[in-house]
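So the sequences go chain by chain: A and B. Residue numbering for the first sequence follows full-length UniProt numbering, starting at 1 and increasing by one per position. Residue numbering for the second sequence follows full-length UniProt numbering, starting at 1 and increasing by one per position.
Don't take every hint at face value.
[As the list claims (entries may be wrong)] Non-contacting residues of chain B with respect to chain A, defined by C-beta distances greater than 10 Å in every case (computed):
#1 Thr47
#2 Pro51
#3 Leu93
#4 Arg224
#5 Leu288
#6 Lys347
[What the hints assert, rightly or not] Subject to a maximum C-alpha distance of 20 Å in a straight line, what follows is the list of computed SDA-like cross-link-like pairs (lysine to any residue):
#7 Lys239(B) / Leu52(A)
#8 Lys239(A) / Lys239(B)
#9 Lys100(A) / Arg18(B)
#10 Lys100(B) / Ser332(A)
#11 Lys239(A) / Ser16(A)
#12 Lys100(B) / Leu243(A)
#13 Lys331(A) / Lys239(B)
#14 Lys100(A) / Lys100(B)
#15 Lys239(A) / Gly125(B)
#16 Lys331(A) / Asp317(A)
#17 Lys239(A) / Lys309(A)
#18 Lys239(A) / Arg18(A)
#19 Lys309(A) / Leu243(A)
#20 Lys239(B) / Ser16(B)
#21 Lys347(A) / Ala213(A)
#22 Lys347(A) / Phe293(A)
#23 Lys239(A) / Ala334(B)
#24 Lys100(A) / Glu336(B)
#25 Lys100(A) / Pro36(A)
#26 Lys100(B) / Glu77(B)
#27 Lys239(B) / Ser16(A)
Since the hints were made in silico from the structure, they are not lab data. Backbone N, C-alpha and C define an ideal beta-carbon position, used for all residues, glycine too.
Given next are the chains, with one letter for each unit.
2 protein chains.
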Amino acid sequence: MSQIDQAVTIELAERSYRILIGDGLLADAASYAGLPRASTALIVSNTTVAPLYADALREALAGRYTQIHELHLPDGEEHKNWQTLQLIFDSLLSNTCDRKTTVFALGGGVVGDMTGFAAASYMRGVPFVQVPTTLLAQVDSSVGGKTAINHPLGKNMIGAFYQPQLVVCDLAVLDTLPAREFSAGLAEVIKYGPISDMAFFDWLERNMDALIAHDRDALAHAVRRSCEIKAWVVGQDEKETGLRAILNFGHTFGHAIEAGMGYGVWLHGEGVGAGMVMAAELSRRLGLVDGEFVARLNLLIQRAGLPTKGPILDAADNAGRYLELMRIDKKSEAGEIRFVVIDGPGKAAVRAAPDSLVREVIDACCA
Amino acid sequence: MSQIDQAVTIELAERSYRILIGDGLLADAASYAGLPRASTALIVSNTTVAPLYADALREALAGRYTQIHELHLPDGEEHKNWQTLQLIFDSLLSNTCDRKTTVFALGGGVVGDMTGFAAASYMRGVPFVQVPTTLLAQVDSSVGGKTAINHPLGKNMIGAFYQPQLVVCDLAVLDTLPAREFSAGLAEVIKYGPISDMAFFDWLERNMDALIAHDRDALAHAVRRSCEIKAWVVGQDEKETGLRAILNFGHTFGHAIEAGMGYGVWLHGEGVGAGMVMAAELSRRLGLVDGEFVARLNLLIQRAGLPTKGPILDAADNAGRYLELMRIDKKSEAGEIRFVVIDGPGKAAVRAAPDSLVREVIDACCA
């Protein structure tokens, strides 16, 4: 029935794991072969995804676990907080889950990030599997071991580096994804071009219409290439002491947008879309790329169905508000904002920039 | 002024660190030489310890950090929960602390465990230093990287393995420790004898009075030898997949006592004291040690000022209540309780035992 079209391996010594990519993998018991033995599993999903896929996952796992518990969290970025995380701990404890209990995250980035942090922290760490059901989670958040919840004062501020045992990317599930969320996922796909692979960027320019139409071959290629690039970066720098920061291209501005609008108003990928335009424009004003590159990126982001302008966060001092929010970003050091810039198409760098220049960029790129 | 009498190294490759043991180390700037550079530090303490030692620590750190923030948590095991942990995150974020901010835990096991988990989770990990001010923290909880908070359904259920950069054990601070807490710390010192070093157990029998009198040389030896044994065990099994479990001798029964009485009613070390007697009696009934060994251990625990009988947790079915509480211990697997037993004096093993035998032990050892 199902077919593993692609497999990408994240090489992290004893924490290495495979990302399976293909059609119908979620419901196929074979996808989960090789997971550590355990008597109990917990499937964590949300109230939107669970009615669509929880039964299929449960059936695929029925041969492996004596007991399979389920927990359906409320849906949305605004629930990515401690209160919701507690529901996972409550479920694990009230079901007497032990250190071998395997926890499955069935959903998008919010479910994956919260479930991963719960798995990292429950009894100081239990096995964890990602079954991402959004494009964003398949190409980015489910891969690489970053887990977190939000704090009222900052996004993803509390979390852990914790690698899953396995990531199962079923392309078929993307057919039930709302168009707006599909577009948001494309932001993270597009990102991989400017930071490391302009041939992939060219491919995306040629295949954006096919992706929007959910062409299965185009999707398989986009997910695989995204995971490969991410795997390569994470393999070099698991804990983001250096190189890994380039994966945050567009995210410094994007996080400010998300925080400034209130989490959940703009989707993460929408913030990254507008944020990439701002970061590219900053790169241009720093003399690192030309206007043609910025225009190409702008157009591709627009074709993906994403915003290319940031929102006005403060009518009185919009740039000041952006700067204030960006200073508490995790990449900041001693209050200095670290921007991921494009240092020539296909190559990223991390650097500071004068406030005055950043203000000009924000003024030019918001509406 | 101060003198580093002893230094023990925890060997964990790139996560190795030193434990300094001596008189007056807390207030000596030299103790903190070699820590990673940062502009900001946060000292987390509690309302009991901070008035005694926070100023001295702040002065010792003044030359290293531009900004030193302080946070004083409420004191007591009953505050080892998410609400208190949030206070640390709130402080880190409201003070715009970044990824290099170094977090100092100044206090006992509760402060150390919570601060360590906060340091592990803030921005997915910031540098962390333990300055333990109780005997229990100096010989056990500050060494080895276990961090956690309690959940209403279980002790230390949510946490991380996260190694500090440095542990500073100042013997002078033990002079301000209440006698009851000092005794509680001795439980963890005594533990190291039966599980791995009967020569140390003999030494403790000869020197218990000197320790109770806070003799500095006796204390230095007891802290150093405890840290050495713990370092050896942790170095072999950082994440408790096997050997490390022996450090929990007495803890399975002890955790049941703490949970059953309500956290904070019995001190952790008091639960471990009575718990070691129960675990030794279980070992005897399993034919692993003789009655003389149990009597020696019982007497030493008594001389340390600790309870040697467990409390009655349920008048109707006391053993049943202990069993119920032990089944949700982290060492349980699929509901089977794993006991640390003494397999001949000086050697520990982990094994299951029939409920009927465990019931006999509980009935014999509670009053």
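Here is what the structure says about each hint:
1. Thr47: 24 Å, holds
2. Pro51: 29 Å, holds
3. Leu93: Non-interface label fails for leucine 93(B): nearest chain A Cβ at 4 Å, not farther than 10 Å.
4. Arg224: Non-interface label stands for arginine 224(B): nearest chain A Cβ at 27 Å, farther than 10 Å.
5. Leu288: Leucine 288(B) is indeed farther than 10 Å from all Cβ atoms of chain A, at 25 Å.
6. Lys347: 24 Å, holds
7. Lys239(B) / Leu52(A): 37 Å, violated
8. Lys239(A) / Lys239(B): 19 Å, holds
9. Lys100(A) / Arg18(B): Between lysine 100(A) and arginine 18(B) the Cα gap is close to 32 Å, so the pair fails against 20 Å, i.e. violated.
10. Lys100(B) / Ser332(A): 10 Å, holds
11. Lys239(A) / Ser16(A): With Cα atoms ~14 Å apart, lysine 239(A) and serine 16(A) stay inside 20 Å; holds.
12. Lys100(B) / Leu243(A): Given pair lysine 100(B), leucine 243(A) holds - Cα atoms ~17 Å apart, limit 20 Å.
13. Lys331(A) / Lys239(B): 29 Å, violated
14. Lys100(A) / Lys100(B): Violated, at roughly 33 Å.
15. Lys239(A) / Gly125(B): 9 Å, holds
16. Lys331(A) / Asp317(A): Violated, at about 23 Å.
17. Lys239(A) / Lys309(A): Between lysine 239(A) and lysine 309(A) the Cα gap is close to 31 Å, so the pair fails against 20 Å, i.e. violated.
18. Lys239(A) / Arg18(A): 19 Å, holds
19. Lys309(A) / Leu243(A): 27 Å, violated
20. Lys239(B) / Ser16(B): 14 Å, holds
21. Lys347(A) / Ala213(A): Between lysine 347(A) and alanine 213(A) the Cα gap is close to 29 Å, so the pair fails against 20 Å, i.e. violated.
22. Lys347(A) / Phe293(A): 13 Å, holds
23. Lys239(A) / Ala334(B): Not OK: lysine 239(A) and alanine 334(B) at ~33 Å, beyond 20 Å, violated.
24. Lys100(A) / Glu336(B): With Cα atoms ~13 Å apart, lysine 100(A) and glutamate 336(B) stay inside 20 Å; holds.
25. Lys100(A) / Pro36(A): With Cα atoms ~8 Å apart, lysine 100(A) and proline 36(A) stay inside 20 Å; holds.
26. Lys100(B) / Glu77(B): 29 Å, violated
27. Lys239(B) / Ser16(A): 17 Å, holds
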